[in-house]
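Participant: The lines below spell out each chain.
Number of protein chains: 2
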Amino acid sequence: MAGIVLSDRQRLDWLRLIRSESVGPRTFRSLMNRFGGAAAALDALPDLARQAGRTVRLSTLAEAEREVEALRRIGGRLIAMGEPDYPRVLQAIDTAPPLLAVLGRPEVLSRPCAALVGSRNASAAGAKFTGRLARDLGEAGFVVVSGLARGIDTAAHEASLATGTIAVLAGGLDEVYPPQNIPLLQRLLAEGAAISEMPLGLAPRGRDFPRRNRLVSGLSLGTVVVEAARKSGSLITARFANEQGRLVFAVPGSPLDPRAEGGNHLIREGAILCAEASHVVEALAPLIEEDRSYLLPPSLVRDGAGEDSAQALWDELDLPGIEAAPVAPVPVPERVTDSIDVRSLVLQLLGTTPIALDDLVRASGRSARDISMTLLDLELGNLIRRHPGGLLSRIEA
Amino acid sequence: MAGIVLSDRQRLDWLRLIRSESVGPRTFRSLMNRFGGAAAALDALPDLARQAGRTVRLSTLAEAEREVEALRRIGGRLIAMGEPDYPRVLQAIDTAPPLLAVLGRPEVLSRPCAALVGSRNASAAGAKFTGRLARDLGEAGFVVVSGLARGIDTAAHEASLATGTIAVLAGGLDEVYPPQNIPLLQRLLAEGAAISEMPLGLAPRGRDFPRRNRLVSGLSLGTVVVEAARKSGSLITARFANEQGRLVFAVPGSPLDPRAEGGNHLIREGAILCAEASHVVEALAPLIEEDRSYLLPPSLVRDGAGEDSAQALWDELDLPGIEAAPVAPVPVPERVTDSIDVRSLVLQLLGTTPIALDDLVRASGRSARDISMTLLDLELGNLIRRHPGGLLSRIEA
Numbered sequence: 195m196a197g198i199v200l201s202d203r204q205r206l207d208w209l210r211l212i213r214s215e216s217v218g219p220r221t222f223r224s225l226m227n228r229f230g231g232a233a234a235a236l237d238a239l240p241d242l243a244r245q246a247g248r249t250v251r252l253s254t255l256a257e258a259e260r261e262v263e264a265l266r267r268i269g270g271r272l273i274a275m276g277e278p279d280y281p282r283v284l285q286a287i288d289t290a291p292p293l294l295a296v297l298g299r300p301e302v303l304s305r306p307c308a309a310l311v312g313s314r315n316a317s318a319a320g321a322k323f324t325g326r327l328a329r330d331l332g333e334a335g336f337v338v339v340s341g342l343a344r345g346i347d348t349a350a351h352e353a354s355l356a357t358g359t360i361a362v363l364a365g366g367l368d369e370v371y372p373p374q375n376i377p378l379l380q381r382l383l384a385e386g387a388a389i390s391e392m393p394l395g396l397a398p399r400g401r402d403f404p405r406r407n408r409l410v411s412g413l414s415l416g417t418v419v420v421e422a423a424r425k426s427g428s429l430i431t432a433r434f435a436n437e438q439g440r441l442v443f444a445v446p447g448s449p450l451d452p453r454a455e456g457g458n459h460l461i462r463e464g465a466i467l468c469a470e471a472s473h474v475v476e477a478l479a480p481l482i483e484e485d486r487s488y489l490l491p492p493s494l495v496r497d498g499a500g501e502d503s504a505q506a507l508w509d510e511l512d513l514p515g516i517e518a519a520p521v522a523p524v525p526v527p528e529r530v531t532d533s534i535d536v537r538s539l540v541l542q543l544l545g546t547t548p549i550a551l552d553d554l555v556r557a558s559g560r561s562a563r564d565i566s567m568t569l570l571d572l573e574l575g576n577l578i579r580r581h582p583g584g585l586l587s588r589i590e591a
Numbered sequence: 195m196a197g198i199v200l201s202d203r204q205r206l207d208w209l210r211l212i213r214s215e216s217v218g219p220r221t222f223r224s225l226m227n228r229f230g231g232a233a234a235a236l237d238a239l240p241d242l243a244r245q246a247g248r249t250v251r252l253s254t255l256a257e258a259e260r261e262v263e264a265l266r267r268i269g270g271r272l273i274a275m276g277e278p279d280y281p282r283v284l285q286a287i288d289t290a291p292p293l294l295a296v297l298g299r300p301e302v303l304s305r306p307c308a309a310l311v312g313s314r315n316a317s318a319a320g321a322k323f324t325g326r327l328a329r330d331l332g333e334a335g336f337v338v339v340s341g342l343a344r345g346i347d348t349a350a351h352e353a354s355l356a357t358g359t360i361a362v363l364a365g366g367l368d369e370v371y372p373p374q375n376i377p378l379l380q381r382l383l384a385e386g387a388a389i390s391e392m393p394l395g396l397a398p399r400g401r402d403f404p405r406r407n408r409l410v411s412g413l414s415l416g417t418v419v420v421e422a423a424r425k426s427g428s429l430i431t432a433r434f435a436n437e438q439g440r441l442v443f444a445v446p447g448s449p450l451d452p453r454a455e456g457g458n459h460l461i462r463e464g465a466i467l468c469a470e471a472s473h474v475v476e477a478l479a480p481l482i483e484e485d486r487s488y489l490l491p492p493s494l495v496r497d498g499a500g501e502d503s504a505q506a507l508w509d510e511l512d513l514p515g516i517e518a519a520p521v522a523p524v525p526v527p528e529r530v531t532d533s534i535d536v537r538s539l540v541l542q543l544l545g546t547t548p549i550a551l552d553d554l555v556r557a558s559g560r561s562a563r564d565i566s567m568t569l570l571d572l573e574l575g576n577l578i579r580r581h582p583g584g585l586l587s588r589i590e591a
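Chains as they are written, first to last, in this note's numbering: chain A, 195 to 591; chain B, 195 to 591.
Simulated from the structure, these hints should not be mistaken for laboratory data. Any given hint could turn out to be false.
The list treats identical chains as interchangeable, and a pair is accepted whether it falls inside one copy or across any two copies.
[What the hints assert, rightly or not] In silico DMTMM-like pairs for lysine to aspartate or glutamate, Cα to Cα no more than 20 Å straight-line:
| no. | residue 1 | residue 2 |
| --- | --- | --- |
| 1 | K425 | E470 |
| 2 | K322 | E455 |
| 3 | K322 | D451 |
Build out the structure end to end from the sequences listed, making use of the hints.
Facilitator: Structure below.
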């Protein structure tokens, strides 16, 4: 597949930028759009922070070099958004990571994927059904994506070892959770891959799991929820899939079985009932046939590197549905901006009725940059929701 | 509730007409529309048959008197369409029986009903869930309708004895199937009712069960399928409910459980997933509030009897969606009409693409009466399907 390839130095700059304090995928994109490249953004960031009355800790070149080298030693590498191995389906989501750390076979990332997620405390029947579904999906040509957790995730990976499976980790690639699944991870690398957006050495924290779930759904044309209680991480994955415009499937179960509550609820909300692999295959097949190459415009199909092509990449990636934060003139705040204050302010201004980002910025009296830097955190913290057309609302507790 | 009341003699004539050979609910309606009343139709029927080269055995007055008397002796009575106790929701279906034999409390027929149907070989969990659902529906004010079969039907009736339940029998009211459920039937009469369109003494034949199922769904604002294999009578009931414009609910189950196949399939086809009674109640509640009195036009809200009011009743009942067979000039067939020939001809002319009745009659070269008399049989034999707008198609085997 065609695409740009970053130079080693560019890759290190991208890594420094995304590993710097307060920089997530959305802010990374804003900064790239504004400054034309990662190196320029790194140069500008300390001044930007100072102007906002803050300091920001930049990741150093030495730290970035150490991460790349450590990853190389365990057989992994970093793939940048827009590069040939970067999965185009993932690239289409709003919060696609600029860099993915990958172990195993990166080529599986470009095959059609279906996510299988569910309860850690799976029933024997749920695990059995998951195995059958994963095997059938694998035989139908799909790569099975899951989160390497106990229960359903484990059954999904195990049944698709031969056909290719992707484990998306919540922490660094060397911080496998749960540790009992380290042997499973090693086995799946033969025909599949493990990926993470997190630095090596980072043990996953509670909040990293829902954040990771957006990548499980984002890699996949559809997400199947197999057994899930009413409040569970699998439902978060399903919600991400829905917001990303992907198909959501749920496996039904007896209303007397608490592990079926989540799936039955999803079906009532519009998820496709999945009782066998063909229900997934027939719904996803037309999506594979679609030419998704629009995600990487022809002008970028070249080998050129350098800041210009990176700038072009980011400009071109601002496609409908992939909304970049608005670029305002460099703001000169009238008072010290405390990030906790901005969070509270945004939460106070948002209600359950969706409003436009512009209106939010105007109502806040803060800069568009301050507001947009706050939104991803709130979104991943499950406190706000994005709607089509760039509208935002608060999620009631 | 207002309505007309038949005289004793009219009731006997209606009974003779519906019990005569080849006269089903649809033909009954055609004959009433054509001749203005049951007595006139009985007078005309032998000639009509002779003109068609056939004979028709009419039910005699003595037979009708015996049936009414036998019904009276077991505590039952006949309720005619349009009478105050005839359920208006049932009256709205295409093949509503002109007369219903009723035991128990006829007033439950006019309360909002929900049907609960499912497998005779129910699982313990299925029976338990059915009991809970029936009890909750009863407490929410619904009368539970079912077919008195073993398994799910039995659980549904038992759990709604106190709040009111209706058993719809496939044979005569004195031919309870299965006989083990005679005690259950007797208990449910205290607060509920048993009904049948069939004559006393008729032991139900195989084909009477699917025919009966249209009354289970037809009495009810919605039908809930609890446990059903892929091919089962419950799915026929669901299909009738759908064709009657009623809501269909299905209880999901594990894809590993064959008893869940029918329900899961229905949900994929658009049935509402029911995991608790509130899912039924919230969907049906708005339908109760609708003023359904249009089913019985104000001009008929009077006590008058006589052929004129019956004629008016039938004329007025030809409302949109309640299609009467077309009334053609008295046909003079050019050759002997064999009813088996007409069946074959109709089946040959119909394909899977729906066509209008008029076009079918024209293509057949037969009279509209011959064709329409054949259609109900084919429909109940599950060989043809009616579509909105009076279109017809064949069901592929």
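Participant: Next step is simple, just say for each hint if it's right about the structure.
Facilitator: Hint check:
Only between protomers do K425 and E470 lie at most 20 Å apart by alpha-carbon distance; the minimum there is 18 Å, versus 24 Å within a single protomer. In this assembly of identical chains, the alpha carbons of K322 and E455 lie at most 20 Å apart whether taken from the same copy (19 Å) or from different copies (17 Å). Both within a single protomer and between protomers do K322 and D451 lie at most 20 Å apart by alpha-carbon distance, with minima of 16 Å and 12 Å respectively.
Going through the hint list in order, the structure satisfies each hint without exception.
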